[in-house]
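Visitor: Sequence:
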Amino acid sequence: MSDPVKQAAVWLATMPQAEKPHPIIPHLRKQFGLTPLQAVEAINASKLQTQNEAS
Numbered sequence: 009m010s011d012p013v014k015q016a017a018v019w020l021a022t023m024p025q026a027e028k029p030h031p032i033i034p035h036l037r038k039q040f041g042l043t044p045l046q047a048v049e050a051i052n053a054s055k056l057q058t059q060n061e062a063s
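Taking the working numbering, the leading residue of the sequence shown gets 9, the next gets one more, and so forth.
Hints listed in this document are in silico derivations from the structure and should not be mistaken for laboratory results. Just so you know, even glycine gets a beta-carbon here, dropped at the ideal spot from N, CA and C. Accuracy of the hints is not assured; some may be wrong.
Cβ-Cβ distance ranges computed for the label pairs, FRET-style [to be verified]:
hint, residue 1, residue 2, range
1, P34, K14, 17 to 25 angstroms
2, S63, K38, 28 to 36 angstroms
3, K28, N60, 15 to 23 angstroms
4, G41, S63, 29 to 37 angstroms
5, S63, T43, 25 to 33 angstroms
6, S10, T58, 17 to 25 angstroms
7, S63, R37, 25 to 33 angstroms
With a cut-off of at most 25 angstroms between alpha-carbon atoms, the simulated DMTMM-like pairs for lysine to aspartate or glutamate come out as follows [to be verified]:
hint, residue 1, residue 2
8, K14, E27
9, K28, E61
10, K38, E27
Using the sequences and the hints, build the whole thing.
Guide: As structure tokens, this is what we get:
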């Protein structure tokens with residue numbers, strides 16, 4: 009996972025659900041300079057991070 013993907017994942021994991029912009033993929037692409045695939049990777053990584061913190 010590249011640095012911008014990690015940064016996006018952390019940002020997503022710490023952002024309250026109600027404050028996340030919609031649609032999220034275009035936002036991640038613009039804010040972090042990600043490709044569509046990288047944006048999806050960041051979303052998946054943020055979900056794993058959130059699940060690990062809840063355990």
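Visitor: Each hint: holds or not?
Guide: Structure-based check of each hint:
About 20 angstroms separates the C-beta atoms of P34 and K14, a value consistent with the hinted range of 17 to 25 angstroms. Range check, S63 to K38: about 32 angstroms between beta-carbon atoms, so the 28 to 36 angstroms window is met. In this structure the supplied range 15 to 23 angstroms holds for K28 paired with N60, their Cβ-Cβ distance being about 19 angstroms. For the pair G41 and S63, the beta carbons lie near 31 angstroms from each other, so the given range of 29 to 37 angstroms is met.
The given range of 25 to 33 angstroms is respected by S63 and T43, whose C-beta atoms sit roughly 30 angstroms from each other. Between S10 and T58 the Cβ separation comes to about 20 angstroms, which falls inside the hinted range of 17 to 25 angstroms. One distance hint, 25 to 33 angstroms for the beta-carbon pair S63 and R37, holds here, with the actual separation near 30 angstroms. For the suggested pair K14 and E27, the alpha carbons sit about 19 angstroms apart, so the restraint of at most 25 angstroms is met.
The straight-line distance between the Cα atoms of K28 and E61 is roughly 19 angstroms, inside the 25 angstroms bound, and the hint therefore holds. Restraint check: the Cα-Cα separation between K38 and E27 comes to about 17 angstroms, which is no more than 25 angstroms; the hinted pair holds.
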